[in-house]
Amino acid sequence: MKMYNVYGLFYLLLLLTATSCLGDGGQTISLGSYPGVVVKRNDSAKIYLKGHDVIYSPQTNTSVDDGDCVIIDFTLDYGKPENSDSGRVKGYLTVDISRITPVSYQAAGSLVTDTSAVLPNEHTLSAIQQRNALILDRFFLYTEHRSDNTSPLHFDLSYDPEQTVTDKTYDLFLRVTKDMEASPAAQQQVQCNAFDLSELSKRETDSLIFRIHYVQGFNKDSTQINWSFTPAYRFAL
1 MKMYNVYGLF YLLLLLTATS CLGDGGQTIS LGSYPGVVVK RNDSAKIYLK GHDVIYSPQT
61 NTSVDDGDCV IIDFTLDYGK PENSDSGRVK GYLTVDISRI TPVSYQAAGS LVTDTSAVLP
121 NEHTLSAIQQ RNALILDRFF LYTEHRSDNT SPLHFDLSYD PEQTVTDKTY DLFLRVTKDM
181 EASPAAQQQV QCNAFDLSEL SKRETDSLIF RIHYVQGFNK DSTQINWSFT PAYRFAL
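In this text, residue positions in the sequence shown follow my numbering: the first is 1, and each later residue adds one.
Worth double-checking, as some hints may not be accurate.
[Stated by the list, open to error] Calculated lysine-lysine pairs in the DSBU-like style (CA-CA distance at most 30 Å, straight line):
id : residue 1 : residue 2
1  : Lys90     : Lys46
2  : Lys202    : Lys40
3  : Lys202    : Lys46
[Stated by the list, open to error] Beta-carbon label-pair distances, calculated as ranges:
id : residue 1 : residue 2 : range
4  : Asp96     : Lys220    : 52 to 60 Å
5  : Leu136    : Pro231    : 33 to 41 Å
6  : Pro81     : Gln163    : 50 to 58 Å
7  : Gln163    : Pro102    : 25 to 33 Å
Rather than coming from a laboratory, the hints here were simulated on the basis of the structure. Here a beta-carbon is modelled for each residue, glycine too, at the ideal position from N, C-alpha and C.
Turn these sequences into a full structure, and let the hints guide you.
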């Protein structure tokens, strides 16, 4: 299956219109591992993607709830009558979803833990990936972990609501701990979590800017934390 890594479906459709003949049966493309947020009204569910694109698939109506964060694989057939307007009139495109994976979702906390103290069963990150998305105030974060980890992980993203913001950039702190009471099992080396940042975005008018501090390691006796941080993320609101 050929996957296209694009930021805007409508922009992609404009390119297809310029390069393909719709009289030949239309153009079908497949896209994979797309983050999205479900908006459900009555029995109809639409999925909002980054770039303000919206898709609809009748297969999802009974399998998702309003506000769900998901990762999806789907096929878009531009030749379908439902997509003849390229989504401009209805405001969404009709697709066929082949896979939908729920993403763990929680609100960012407003109480920062003691950043000088190691938490019980604290887990270090190998890296935070560059790919991310902010969709309807849900921030999708991809983290990398050691291959030898066999314990489920708990993620907590928090900020100090009283912090002094320099250059309109908020400092967020990510803490990850192991669930030692759960049965050991193989864990994914790359994990995706979604966090609600609506309380921060309410404070801004045009852009939300923040960086994430995360635990990269400890000293020899695991009593002190070696913190690292990401470049600043900037999202238009």
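Do the hints match the structure? See the list:
As the CA atoms of Lys90 and Lys46 are separated by approximately 12 Å, the hinted pair is consistent with the 30 Å bound. Distance hint between Lys202 and Lys40 is fulfilled; the C-alpha atoms sit about 23 Å from each other, no more than 30 Å. A C-alpha spacing of about 24 Å is found between Lys202 and Lys46, which places the hinted pair at or below 30 Å, so the restraint holds. For Asp96 and Lys220, the hinted distance range of 52 to 60 Å is satisfied, since their beta carbons lie about 54 Å from each other.
Hint check: Leu136 to Pro231, Cβ distance near 23 Å, so the stated range 33 to 41 Å is violated. Against the hinted window of 50 to 58 Å, the Cβ-Cβ separation of Pro81 and Gln163 comes to about 52 Å, which satisfies the hint. For the pair Gln163 and Pro102, the beta carbons lie near 32 Å from each other, so the given range of 25 to 33 Å is met.
Checked against the numbered hints listed earlier, the structure breaks hint 5 alone; every other hint is satisfied.
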